Amino acid sequence: MIDPITRYYRTVKDVTGPLIYVTGIKKASFGEMCAIRLTEGEERLGQILKLEGELAVIEVLEGTSGIDSETTTVIPTGDIAKIGVSLEMLGRVFDGVGKPRDGLPPVIPDKYIDINGLPMNPASREKPDYFIQTGISAIDGLNTLVRGQKLPIFSCAGLPANELALQIVRQAKISEEEERFCVILGAMGITSREAFFFMESLAESVAQERTIAFINLAGEPTTERLFTPRIALTVAEYLAFEHDYQVMVILTDMTAYCEALREIAGARDEIPGRRSYPGYMYTDLATLYERAGRIRDRRGSVTIMPILTMPEDDITHPVPDLTGYITEGQIVLSRTLHNKGIYPPIDVLPSLSRLMNLGIGRGKTREDHRKIADQLYASYARGCEIRRIVSIVGMEGLTELDRKYLFFADEFERRFIGQGEKERTIAETLELGLTLLKILPETELVRLR
Amino acid sequence: MAETVETRGRIYGVSGPAVVVKGLKGARMHTICYVGSSGLLGEIIRIEDEFATVQVYEDTTGLTLGEEVVSYSEPLMVTLGPGLLSGVFDGIQRPLKRVREISGTFITKGLKLDALDKERVWEFTPLKKKGAAVRAGDVLGTVQEGHITHRIMVPPYIEGGVIKEIVSGEVSAESPVCILEDGRTIGLYQRWPARKRRPFGEALPPSEPFITGQRIFDTLFPVAEGGVAILPGGFGTGKTITEHTIARFSVSDIVIYIGCGERGNEITEVLRDFPQLKDPVTGYPLSERTVIVVNTSNMPVAAREASVFTGVTIAEYFRDMGYRVSLMADSISRWAEALREISSRLEEMPGEEGYPPYLATRLGTFFERAGKVRCLGDGDRQGSVTIIGAVSPPGGDFSEPVTQAAMRFTGALWALDTELAYKRHFPAVNWHKSYSLYYYQLRKWLEENVAPDMPDLREELMAVLQKEAELAEVVQIVGTEGLHDEDRLTLEIADIIKEAFLRQNVFNPKDAFATYTKQYWMLRAIFAYKNTATEALKRGVYLEKILSHPVRTSIMDVRNADNQQIEKEARKLIEEIEGAFTE
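Residue numbers (our numbering), protein chains in the order written: chain B, 85 to 533; chain H, 10 to 592.
Calculated directly from the structure, the hints in this document are not laboratory data.
One should not assume that every hint holds.
[What the hints assert, rightly or not] Straight-line Cα separation of at most 27 Å, DSSO-like style, residue types lysine-lysine; simulated pairs:
hint, chain 1, residue 1, chain 2, residue 2
1, H, K118, B, K134
2, H, K287, B, K455
3, H, K519, B, K448
4, B, K110, H, K118
5, H, K287, B, K211
6, B, K111, H, K34
7, B, K134, H, K31
8, B, K111, H, K31
9, B, K455, B, K522
10, B, K111, H, K118
11, B, K195, H, K118
12, B, K211, H, K106
13, H, K31, B, K110
14, H, K118, B, K166
15, H, K507, B, K522
16, B, K522, B, K448
17, B, K448, H, K287
[Stated by the list, open to error] Label-pair distances were calculated between CB atoms; the ranges are:
hint, chain 1, residue 1, chain 2, residue 2, range
18, B, R533, H, G155, 36 to 42 Å
19, B, D328, H, K121, 32 to 38 Å
20, H, E128, B, E326, 50 to 56 Å
Quick caveat: nothing in here was measured; it's all calculated off a predicted structure.
Built from N, CA and C at the ideal position, the CB exists for glycine as well.
Isolated chain B (complex conformation) (with noise of 0.2 Å):
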């Protein structure tokens, strides 16, 4: 809906990082998009975040970088973010704010889509209890996926997270082959060598034409990466539930996402909350993960797998603790486990599926899955207890039976997590639980009774 009028303003009163403030607004939109235009006649984007009076603060996407209050000029386009989505759009790199990126022609638009969606009716929502087979020990046994589901991945740095959400995709898409199944990637602030490794990689293991990519890079404007994972997710409910995609959402690094939040409401003098970042990161962030899941009657599914870095390993940071509250569970990888040389580096006590009872069970994986799962996660607990009194009472202080758990301990982190490369099917990985329980004594096992 175009203005009839065309409104411009030339009144930049503020530049303040990446704000600016304009005076003498007579019409304009909450969220509304504007184009900025430079005196050497650049044209950058921005959005309205806040309307008082006549007064608009705008967010400039590119960066302020140039603006003057003298000649720049302000022009609202009557309209809030949209993208234009097309199926053409499967196999193309874009930008963080969806142009191409890959030196070819933009996409012709089937339709233009509000980025921010439209909240799901939790009526309508389909109970996603679709298991997924990622080949996984660690998340097929223990830690189930399945479609519809929010799974992120809480890496540290230095850690194979990347790694790790690209095998799941590579081996999930097998189970998927007779369905329609691609991946979407939203990158937000990732250095060039990370966006060059996931380009190689995806293109090794999924076909071209089932992937789209949105790349936001470290050395790119903050502001756009409040845009990119929001692009991301409208053309991923675009393809799911308007032309039946099983689609998987890789979202990282969700840490950058969050730092950009805080730059802007920083710039915005907003009240800060914990670290500084904003009161309404939750709301914000579940805005985007809330997307994820399967609608009654239709095919398709968004599935999300974001992937963010806990500053200092820590799981009570402000970001994994506000998305592992958001999400359905999370997969977190530990640095002791990698130093070990196992790969995946999954550490399974904190780690969580809050879907997998759907997804597992009689007619879907096996009867006693939940049984076995269980029993490994005491048992392994258990074994963990016992490590750490070791180290202070050294292993005389031991029983027999203390032992045993300590043995079981090492041998489900060597042989069931630290299964590398290889692929396992979900038989294999509750078969090979079994077979670790038969260290212990068969009295122990009161889970699998």
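Use these hints to put chain H onto chain B, whose structure you have.
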């Protein structure tokens, strides 16, 4: 109720859910208005001269300066009447099933829908006759809704009158069921302001437990009927599962489930499963006794703030009929965050961690609506609202403002523990950090209704767990091998208590719900083992021999015993235990 007055103004500023309106002359605080051309519902939360700030219950993206705002001098209302049960509503009581029919998969903005279906016709059975004098709260008649008898009462705002006419049989929601001599009419529906507590006859002290069927709650940390319990815990500790469990198994006539700022998929589970699941007491589908109010985390925050008040008003309405109502609020923290977000948009002076200074006061207005009462009106009706609220403290740290504020209003704290959750010990309730202030008031009930020695067994259980905590510290230094045999036995008993009694598997139908009788007999069996084993050890029987005896495994299996058969089975087991270590 006062006549509604209409005033108009124009949008002057927008910042997230807060919209500033200019020219709303005579607008009243906390009354509703419709904002912009799409008519988004909002509530006035601040008046400054000619400017009124409105919190809008829908996404404000696209609102334009100068758009019209219409205000009505009416507060946010909840519609109460037949059709609430098995319904799903959003935070401002829009029926989500109907929303789906109209707007499809996603919720479009500006939908105006009646909470309850006005077209629907109900079968009304009058209990009062023409000429009878009635007062507020009196039951005029009933409507059958599934297995629940929905009592149609004189609304609290009609103090009384004489019945001139009363209908019988089929009646639609629009037409009156009763006309009073003075011409006032009473229909099937009544409306009540969400933020105002409904009146009752008399408040009653807590004297009976609210039965959850979960051993750790009922035996160790019971909440009284009409009381408040909170469940704080870091993510993944099982708050939502516990709320679901209590919604499913607790002994309640009516359950109100508020999904406040939480996940959509979890509500889907409730929606899909509850029609299939049976009420453990009555055997009817659970959905028949349930009302769901849901405002997921991605739905507008202001409506999230309203959702708990909408929910508790519905709860009070059923309480007024004389029902035992339980209300699950998941999660209080998300509600508080909504409050914080709106407060920060208003640029109010922040209190601790950015929450507004009135956080505790506002939280109190919600929690204090729990209680057991003698209802308004005729007949000796007693009703109750028990609130079970989940709290999500950042980083699992209970010292944060929301947990601390909530603790002031609650009598039972069920502290969820990350370590237990890691071990997959569920419910992951930490027995050292949790408490119940109701326990001492409930002792008498337990002695009279379960067994005279029930309180003693509970205290003995707590003592073993306390001893175990002390021993665990010693083990850290000397190792298990360095302990005395009797201490190792204590550790073993504590292990049995944890594995066989405190841990409860909601996914195992035999284990999911334990009556008080079952809980009592399970304790009897465990302590029979403790006493026999301690004596055997004193007699010189080797500890290894005691521990490897198969009765230990039999105790682990008592959890699977039927609630009806438990006494017989437990007695048999106790006999077996008592004869166990005598070579």
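| field | Those earlier numbered hints the structure runs against, lowest number first | value | Structure breaks hint 20 only.
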